[in-house]
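Participant: Start from the sequences, fold in the hints, and give me the full structure.
Chains L and R supply the protein sequences, listed in that same order.
Taking my numbering, the leading residue of the first sequence gets 38, the next gets one more, and so forth.
Taking my numbering, the leading residue of the second sequence gets 473, the next gets one more, and so forth.
No lab work stands behind these hints, which were simulated from the structure alone.
Incorrect hints may have been included.
[Unchecked claim] Simulated pairs of lysine-lysine, DSS-like, Cα-Cα distance not exceeding 25 angstroms: (1) L:K406 <-> R:K568; (2) R:K700 <-> R:K733; (3) L:K41 <-> L:K227; (4) R:K533 <-> R:K497; (5) L:K220 <-> R:K514; (6) R:K475 <-> R:K497; (7) L:K134 <-> L:K69; (8) L:K106 <-> L:K72; (9) L:K227 <-> R:K540; (10) L:K227 <-> R:K616; (11) L:K265 <-> L:K84; (12) L:K69 <-> L:K83; (13) R:K722 <-> R:K693; (14) R:K568 <-> R:K540; (15) L:K227 <-> R:K568; (16) R:K724 <-> R:K700; (17) R:K712 <-> R:K693; (18) R:K700 <-> R:K688; (19) L:K84 <-> L:K69; (20) R:K616 <-> R:K693; (21) L:K227 <-> R:K475; (22) L:K227 <-> R:K514; (23) L:K41 <-> L:K69; (24) R:K693 <-> R:K724; (25) L:K429 <-> R:K568; (26) R:K751 <-> R:K740; (27) R:K540 <-> L:K429.
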Amino acid sequence: MGRKLLTEHVNVEGIETFAVYRKHGGYRAVEKALKMTPEEVVEEVKKSGLRGRGGAGFPTGLKWSFLAKPEGVPRYLVCNADESEPGTFKDRYLMSKLPHLLIEGMIAGSYALGARTSYIYIRGELLYVLRILEKAIAEAYAAGFLGENIQGSGYSLDLHVHPGGGAYICGEETALLESLEGKRGNPRNKPPFPAVQGLYARPTVVNNVESIAAVVPILNMGGDEYAKIGVGKSTGTKLFSACGHLNKPGIYELELGVPVEEFIYSDEYCGGIWKGRELKAVVAGGSSVPILPKELILKTAAGENRLMTYESLSDGGFVTGTMLGSGGFIAMDETTCIVKNTWNFSRFYHHESCGQCSPCREGTGWLEKVLHRLEHGHGSMHDIDLVVSVAKQIEGNTICPLGEAAAWPVAAAVRHFRDEFEWHVTHPKEATQPGAVYRGNLVMA
Amino acid sequence: MAKITFDGIEVEVPDGTTILNAARKIGGSVVPPAMCYYTPLKGSGGKCRACLVRVAAGSAKDPRPMPKLVASCITTVQDGMVVENTTSQQVMDVRKGIVEMLLINHPLDCPVCDQAGECDLQNFAYEHGVSTTRYEEERRTFEKIDIGPYVQLHMTRCILCYRCVYTADQLTDGRVHGVLGRGDASEIGTYIENTISNDFSGNVIDVCPVGALTDKTFRFKQRVWFTKPVNAHRDCGHEKCTGHVTLWYKGKDVLRVTARKDEYGEVKEWICNECRFEKKETSDWTIEGPAHIDRSSVISANHYELPVINPQVIADLPESTVRELERNPPLKLGGPSGNSF
Ligand SMILES: Cc1cc2nc3c(=O)[nH]c(=O)nc-3n(C[C@H](O)[C@H](O)[C@H](O)COP(=O)(O)O)c2cc1C
Ligand code: SF4
Ligand code: SF4
Ligand code: SF4
Ligand code: FES
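Facilitator: Right under this line is the structure:
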């Protein structure tokens with residue numbers, strides 16, 4: 038059983054209240070931070086090796102050290118709580134169960150960055166979580182951990198929660214900043230990066246909920262200790278939201294480095310595939326990352342056990358690997374139709390493209406339409422190559438990574454499950470039976 | 473100042489210049505197409521991706537290539553930067569892809585479109601597109617909308633360049649945005665109607681690269697290449713209007729009035745609605761003479777002119793580059809239409 042640094046007390050009765058949270062060691066990290074210099078706090082986070090938990094995995098300490106600090110200009114820390122990636126639901130859990138953990142992380146982080154005003158931008162649909170956070174923030178103000186002169190340290194901070202604009206794209210950090218400024222959530226062209234010109238054109242750090250929460254255990258135990266957990270450059274613990282055809286879907290906090298096979302099959306974690314069925318494929322890091330068939334998710338192309346780490350999951354690049362992404366772990370059993378699933382994902386990206394840049398605006402719709410055709414038995418062999426080609430035309434040529442997020446799953450599905458696409462073309466009658474799925478030469482209805 | 477090499481041609485420009493404007497200083501066929509960037513409009517650019525180029529070396533200090541193609545309209549030059557446009561097969565291929573994307577939902581009703589002959593999309597497709605389509609699906613359509621008495625919005629032809637949005641935003645007060653919906657269901661918001669009645673609303677017609685915003689007083693009157701552009705001015709009382717315009721004649725009649733555009737289709741001086749829509753008699757104007765015609769215009773010649781390198785810059789170029797240029801003019805354009813340029 039691995040250590041739990043974030044969710045250790047998650048089942049304690051009343052942990053969402055300030056009093057109980059405090060009794061279980063809450064706000065010690067803030068007290069500790071306020072006795073350090075801001076630079077020392079940044080240094081601890083650097084030493085911890087913490088990598089961003091929002092999807093890209095960029096080292097958090099490094100990001101913090103890049104923040105521009107012009108004299109007399111305010112800076113901001115913005116928490117990205119827009120969590121909308123299909124398959125990912127860890128931040129919601131963390132915030133609703135442990136609101137004070139995020140608030141504590143926000144205070145320590147804001148202090149480290151020299152921010153006097155900070156924001157939590159939360160997905161608009163999570164209104165009940167927003168209420169939980171607001172209540173917790175009010176408690177923190179009352180206890181003197183927010184507002185003027187926190188705990189007599191001379192440091193002051195205001196923390197606001199802002200409901201999101203109701204679009205997946207508002208989770209992209211620059212779209213988020215636009216939306217927070219009260220504008221339409223269109224991603225910005227970069228450069229300039231938020232570290233130089235972010236919120237209100239001021240230097241800004243945007244971090245995922247879990248990245249900010251992880252600062253609390255890092256400060257409590259020290260960056261060096263934290264870095265000892267995990268494997269290689271994947272340090273610490275990470276939340277995975279496991280869903281799909283598993284016996285025990287849910288949120289799991291893992292020390293990075295657990296073998297994928299153990300995560301899926303051991304009773305400590307997901308407890309295997311439901312209904313005694315076979316695993317067919319996994320999308321390991323939220324809907325944007327490449328899908329892998331069973332053989333490649335359990336073992337790398339070189340035959341090594343795949344681990345739940347940034348490096349191991351991306352071993353083999355996009356040819357035989359995938360990405361850890363946001364930790365949305367979607368398992369699919371043998372009854373899953375990959376073509377239908379790919380179409381379903383692409384429907385999502387078509388719906389969520391902001392429409393600013395031509396390759397993504399037009400390409401996501403095109404992909405969806407052709408995949409719809411293939412799934413419904415009206416496609417041709419040529420269409421299979423067409424979707425790959427359209428995906429390639431989007432990839433790398435857009436303003437923000439949503440274009441790639443739409444393109445990668447399609448390219449990967451065809452790469453690993455081409456025969457299944459072809460079967461939809463050659464056997465349209467069978468393929469369109471309700472519940473039909475391709476299994477080599479067998480057809481299951 | 474920063475010295476960059478663009479398609480093998482050296483050019484020196486002030487720091488902070490964009491790659492696109494550096495290329496425009498060279499001129500001719502090396503200039504990347506720009507469907508959304510518009511110099512006078514703050515914040516424009518970066519959206520259509522037509523102007524993507526390859527940065528083969530970032531700067532003299534850091535000569536690594538940039539990992540992705542960059543939008544030349546918003547990327548600033550660095551001293552020692554090496555940029556490939558028409559000399560990169562990757563750029564040409566990607567550009568072909570962009571044309572395709574812009575066309576899949578486009579009606580291509582050029583025969584009945586007032587923009588035909590002066591349409592950036594037509595030119596772009598002509599220069600970089602392919603002659604067949606891989607798109608079999610139904611195309612997106614919208615109803616035509618009259619926005620005010622003078623302008624019609626034909627959203628089906630819109631390429632969402634946002635130029636009209638910036639124009640309305642920057643020329644008129646109290647307006648923030650004009651795009652509703654998202655993805656390929658985005659449309660120019662009809663609440664533009666609220667502001668389109670102001671004195672400068674007609675300028676959205678001039679900035680629109682396609683036939684999505686057209687002049688209702690000119691609709692279906694004439695194909696533009698049968699009209700003759702003449703520069704003229706009048707003493708316009710409006711404080712923001714210079715009264716410098718182009719009149720488009722058919723015989724003795726002024727069929728329409730537009731702002732003057734430079735060779736990249738950009739308006740330098742905005743004009744008011746009175747000059748544009750109400751003054752259609754020769755006696756309203758002081759005539760200056762025939763207007764300069766766009767480099768790739770079909771208006772007078774009925775064919776695409778051969779692009780030229782800006783001679784002014786040639787004089788400043790190193791001897792070696794000039795020799796190289798003479799030997800190997802940078803007119804290579806990929807695609808089946810490349811030779812007809
Ligand atoms: C389309 C899109 C949606 C995104 N949604 C989220 C999100 O909901 N939550 C999040 O933390 N990051 C999201 N990201 C990643 C953010 O842009 C950003 O990288 C992240 O918030 C940085 O935080 P980190 O360094 O702590 O991971 C999204 C990115 C894209 C392109
Ligand atoms: S890639 Fe898609 S979501 Fe991102 S800016 Fe372009 S159109 Fe918008
Ligand atoms: S906008 Fe241009 S390409 Fe489209 S129909 Fe009109 S002339 Fe043709
Ligand atoms: S209406 Fe014209 S100017 Fe406005 S966004 Fe569409 S294409 Fe651009
Ligand atoms: S002109 Fe550069 S992206 Fe449109």
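Participant: Hint by hint, note whether the structure agrees.
Facilitator: Structure-based check of each hint:
Only pairs whose Cα atoms come within 25 angstroms are accepted, and L:K406 paired with R:K568 is accepted, the gap being roughly 21 angstroms. A hinted pair counts as satisfied when its Cα atoms are at most 25 angstroms apart, and R:K700 with R:K733 qualifies at roughly 15 angstroms. For a cut-off of 25 angstroms, the pair hint linking L:K41 to L:K227 is broken: about 37 angstroms separates their Cα positions. Proximity of R:K533 to R:K497 is assessed by CA-CA distance (about 24 angstroms); at most 25 angstroms being required, the pair is judged to hold.
For the suggested pair L:K220 and R:K514, the alpha carbons sit about 16 angstroms apart, so the restraint of at most 25 angstroms is met. Restraint check for R:K475 and R:K497: the C-alpha separation of about 12 angstroms stays at or below 25 angstroms, so the hint holds. Straight-line distance between C-alpha atoms of L:K134 and L:K69 comes to about 24 angstroms, which keeps the hinted pair within the 25 angstroms bound. Restraint check: the Cα-Cα separation between L:K106 and L:K72 comes to about 21 angstroms, which is no more than 25 angstroms; the hinted pair holds.
For the proposed pair L:K227 and R:K540, the alpha carbon gap of about 12 angstroms is at most 25 angstroms, so the pair holds. Of the supplied pair hints, the one linking L:K227 and R:K616 is violated, its CA atoms being roughly 35 angstroms apart against a limit of 25 angstroms. This hinted pair checks out: L:K265 and L:K84 have alpha carbons roughly 10 angstroms apart, not beyond 25 angstroms. Pair hint L:K69 plus L:K83 holds up; C-alpha atoms about 17 angstroms apart against a cutoff of 25 angstroms.
A threshold of 25 angstroms between alpha carbons decides the hint, and for R:K722 with R:K693 the separation of about 10 angstroms falls inside it, so the pair holds. Of the pairs offered as hints, the one joining R:K568 and R:K540 holds, with about 17 angstroms between alpha carbons and a cut-off of 25 angstroms not exceeded. Taking the CA atoms of L:K227 and R:K568, the gap is near 24 angstroms; set against the 25 angstroms cutoff, the hint holds. Among the hinted pairs, R:K724 with R:K700 is consistent with the structure: their alpha-carbon atoms are about 10 angstroms apart, no more than 25 angstroms.
A distance of roughly 29 angstroms separates the Cα atoms of R:K712 and R:K693; the hinted pair therefore is violated under the 25 angstroms criterion. Between R:K700 and R:K688, the direct Cα distance comes to roughly 19 angstroms. Compliance with the 25 angstroms bound is thereby established for this hinted pair. As the CA atoms of L:K84 and L:K69 are separated by approximately 16 angstroms, the hinted pair is consistent with the 25 angstroms bound. Annotation: proposed proximity of R:K616 to R:K693 holds, straight-line Cα distance about 18 angstroms (limit 25 angstroms).
Simply put, L:K227 and R:K475 have alpha-carbon atoms about 23 angstroms apart, close enough for the 25 angstroms limit, and the pair holds. Distance check on the hinted pair: L:K227 and R:K514 sit about 16 angstroms apart at the alpha-carbon level, within 25 angstroms; holds. Taking the CA atoms of L:K41 and L:K69, the gap is near 21 angstroms; set against the 25 angstroms cutoff, the hint holds. Of the supplied pair hints, the one linking R:K693 and R:K724 holds, its CA atoms being roughly 14 angstroms apart against a limit of 25 angstroms.
Restraint check for L:K429 and R:K568: satisfied, since their Cα atoms lie roughly 13 angstroms apart, inside the 25 angstroms limit. As the CA atoms of R:K751 and R:K740 are separated by approximately 20 angstroms, the hinted pair is consistent with the 25 angstroms bound. Restraint check for R:K540 and L:K429: the C-alpha separation of about 13 angstroms stays at or below 25 angstroms, so the hint holds.
Hints 3, 10, 17 from the list above are not met by this structure, while the remaining hints are.
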